[in-house]
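Let's have the full structure, built from the sequences with the hints guiding it.
Here is what each chain is made of, one letter per residue.
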Amino acid sequence: MTIAYSGDFEKEILTKEKVMSLVTADHLEKTYQIGEISVNAIRGVNFTIEPASFVSFVGPSGSGKSTLLNMIGCLDPPTAGSLKVVGQDIARMDRKQAAHFRGEHIGFVFQDFNLIPVLTVFENVEYPLLMVQNWPAKERKKRVNNLLDAVGMGDQGDKYPSQISGGQKQRVAVARALVTNAKMVLADEPTANLDGETANRIINLMKKMRDEFDTTFIFSTHDPKVMQSAEIIFTLEDGKLLQRQNDNGGTNA
Amino acid sequence: MLNVIKIAARNLRRYLRRTILTSSLITLGVVAVLLFISVTGSFKSMMVGQITDSMIGHLQIHRKGYMASIDNLPLNRNLNQQQVAKVKEVLSGVDAVESFSMRIKLGAMFSNFTETTNIRLNTVIPEQEVKTVPLLSERIVEGQKKDVLLQKGEILIPELIAKGMKVKVGDSVVLVANNKDGSVNGKTFLVSGVLEGISGPGGRDGVIHLDDAKELLRIDGVEISEIAVRLKNMGDLPRVFSSLKGEFASFTNKEGNPVFEVHTWKDLSPFYNIAQMIDLMTFFIKIMLVAIVLVSIMNVMIMAVYERINEIGTIAAIGTLPGKIMALFVTEGFLLGVLGTAVGTVISLISIAVINAAGLTFNFGRQSNLVLAPTIGAGDVITIVLIVIGIAVAASLQPAYKAARMDPITALRHV
Ligand SMILES: Nc1ncnc2c1ncn2[C@@H]1O[C@H](COP(=O)(O)OP(=O)(O)OP(=O)(O)O)[C@@H](O)[C@H]1O
Ligand SMILES: [Mg+2]
Chain A
2 MTIAYSGDFE KEILTKEKVM SLVTADHLEK TYQIGEISVN AIRGVNFTIE PASFVSFVGP
62 SGSGKSTLLN MIGCLDPPTA GSLKVVGQDI ARMDRKQAAH FRGEHIGFVF QDFNLIPVLT
122 VFENVEYPLL MVQNWPAKER KKRVNNLLDA VGMGDQGDKY PSQISGGQKQ RVAVARALVT
182 NAKMVLADEP TANLDGETAN RIINLMKKMR DEFDTTFIFS THDPKVMQSA EIIFTLEDGK
242 LLQRQNDNGG TNA
Chain B
26 MLNVIKIAAR NLRRYLRRTI LTSSLITLGV VAVLLFISVT GSFKSMMVGQ ITDSMIGHLQ
86 IHRKGYMASI DNLPLNRNLN QQQVAKVKEV LSGVDAVESF SMRIKLGAMF SNFTETTNIR
146 LNTVIPEQEV KTVPLLSERI VEGQKKDVLL QKGEILIPEL IAKGMKVKVG DSVVLVANNK
206 DGSVNGKTFL VSGVLEGISG PGGRDGVIHL DDAKELLRID GVEISEIAVR LKNMGDLPRV
266 FSSLKGEFAS FTNKEGNPVF EVHTWKDLSP FYNIAQMIDL MTFFIKIMLV AIVLVSIMNV
326 MIMAVYERIN EIGTIAAIGT LPGKIMALFV TEGFLLGVLG TAVGTVISLI SIAVINAAGL
386 TFNFGRQSNL VLAPTIGAGD VITIVLIVIG IAVAASLQPA YKAARMDPIT ALRHV
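If you read the sequences in order, they're chains A and B. So that you can map any letter, position 121 of the first sequence is 122 in this note's numbering, and since no number is skipped, the others follow by simple counting. So that you can map any letter, position 56 of the second sequence is 81 in this note's numbering, and since no number is skipped, the others follow by simple counting.
FYI, nobody ran anything at the bench for these hints, they're computed from the structure.
When the alpha-carbon atoms are kept at most 27 Å apart in a straight line, the in silico DSSO-like pairs for lysine-lysine are as follows:
(1) K31/B / K97/A
(2) K156/B / K89/B
(3) K139/A / K160/A
(4) K241/A / K226/A
(5) K212/B / K239/B
(6) K349/B / K143/A
(7) K156/B / K257/B
(8) K142/A / K160/A
(9) K160/A / K208/A
(10) K139/A / K31/B
(11) K97/A / K349/B
(12) K349/B / K142/A
(13) K160/A / K31/B
(14) K143/A / K31/B
(15) K160/A / K349/B
(16) K291/B / K270/B
(17) K349/B / K139/A
One side only, chain B facing chain A, incomplete, derived with CB under 8 Å:
(18) N28
(19) I32
(20) R35
(21) N36
(22) N335
(23) E336
(24) T339
(25) A341
(26) I343
(27) G344
(28) L346
(29) P347
(30) K349
(31) P433
(32) I434
The calculated label-pair distances, taken between Cβ atoms and stated as ranges, are:
(33) S62/A / L46/B: 40 to 46 Å
(34) R245/A / L319/B: 53 to 59 Å
(35) D156/A / T435/B: 36 to 42 Å
(36) D215/A / L27/B: 32 to 38 Å
(37) T435/B / D27/A: 25 to 31 Å
For glycine and all other residues, C-beta sits at the position ideal for the given N, C-alpha and C.
As structure tokens, this is what we get:
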């Protein structure tokens, strides 16, 4: 499958999204069944996320942050309620459709960086254009170099992941998440394996990328310093949405 | 596709030691099979050539029932003049026939004037015999090899009798034989050569001229026990055999029973069974190769998938379709198979060339210093290569499928 990496199709979608939310959750629920026991990880949450926002989900361990992010990322289907991502009801997708949808619309940044060890920095960023989408060689090279420059890794393209630091790996991961022009980037605890200073730099990089590409960033974190960088903070507790906090100080229950 | 190959190849390089071990195992198997096929193949074709070209011919025609009692060399089951004429007529009409040789087989007493023993004799028309079994004269180990195998009044005696009776080339001997009606006749012969024995029927027979045999047996007209046939091309044997068999089956006697019987060298020489055993062994060695490839590749690929669960989760999460994940792993198994096979084929071909250059010899039965000249057909090489690579791919399918089916979240959580 090829996605148009520029052109009318893209504009059309973007203009549509001005009208509607990027993510809409309505009485969303997720229950895990482990034998006899069922765990209600998410218990009926409602929220919307607008395009180009910088969102953080926070809350204590086990509150359901990962579960929610996995659902938004089309990695895990909801048990009940509805979840619309980029205008699509993700509950109705099968495995293959979901994979395709992720490849087209969603970028991922992982806690453990998860670069492919046998590929160079350049090749890691190139991977989604080559193996997920199907970009022609020339555009691919241009795009990858653009992104590497944007995350400050332009001169490290030939190195392998084992040859760079954790912070650098996460920069590369951010570039990989953005390279396909994804509508949003999901990052579950992207700074958990980084020291405070580096964590801040990564969050600032993500914000800068949001400014540059209008990509929505949704991340989860434990770290109070990191969560302060978010413009919208959703607080989860025990599978329920406790509050929505805007960086202008506004709070919605 | 190129990217899939690139990633698969890099992953093989990443676990270099394992890759080398596994592909060497495949290499070893391929070398074993190719060398076995080429060496036994050359042995087989050489032995078959020896047997057909120095004794049996490609086909033989007898009077019906002759073969069943060949141990007694019966004279009352010879073909008569009319029957011989028919065989000649049929054979002359077949293009694929190079030549044929008429023989009378008989048993006689052999005397060197002090001792007497039994001898089996093949009596021939030398001009026909040398055309039909051209290697026969190669078997003359003492005495000169003449273009005309032997003259009337001469005898080629088998090695065993020459040794046992202490007879040399140039000696005179007496043959005494019973003819059909039971009376006895004797005749003096000059030993003109000693024949090396070979395995199989007739391999230890003496040879005299057909005219001498008729005199010894007091046969007036035409009587023939055996007609050996040589084809221009041995590859035609199955086709010619079935057509001749059909044709000769149509000749029946008054009672409606067939008059003739036709056999190929395969029915006549016990070596055919050895050749079949060799083929069977080749088959089992191929099965072993398949098992080696299957088990080693599957083992490696299962490990590869297990070690890379996290990576699989990553690429699945970012949208790599299951088919592509599967292709990544199948390609890895495929490349492993190709690597092992390529190296194995090269080593095999070099080894075959070396064996040929070294001129290794071996002994078989009473034959010594047979030169081992292994060859291998492109067809055999291609078959083995395709089998091995095919099995390598097949062995990767299950692990690859498992990788493709993995749930990204579970895979990402795996440590
Ligand atoms: N695959 C699963 N099977 C069963 N229960 C699960 C599964 N995944 C999560 N849970 C449960 O769902 C609840 C929410 O888990 P989740 O991982 O979403 O929390 P979290 O907020 O991300 O926690 P943390 O901060 O520790 O990462 C927990 O009680 C957890 O035990
Ligand atoms: Mg979590």
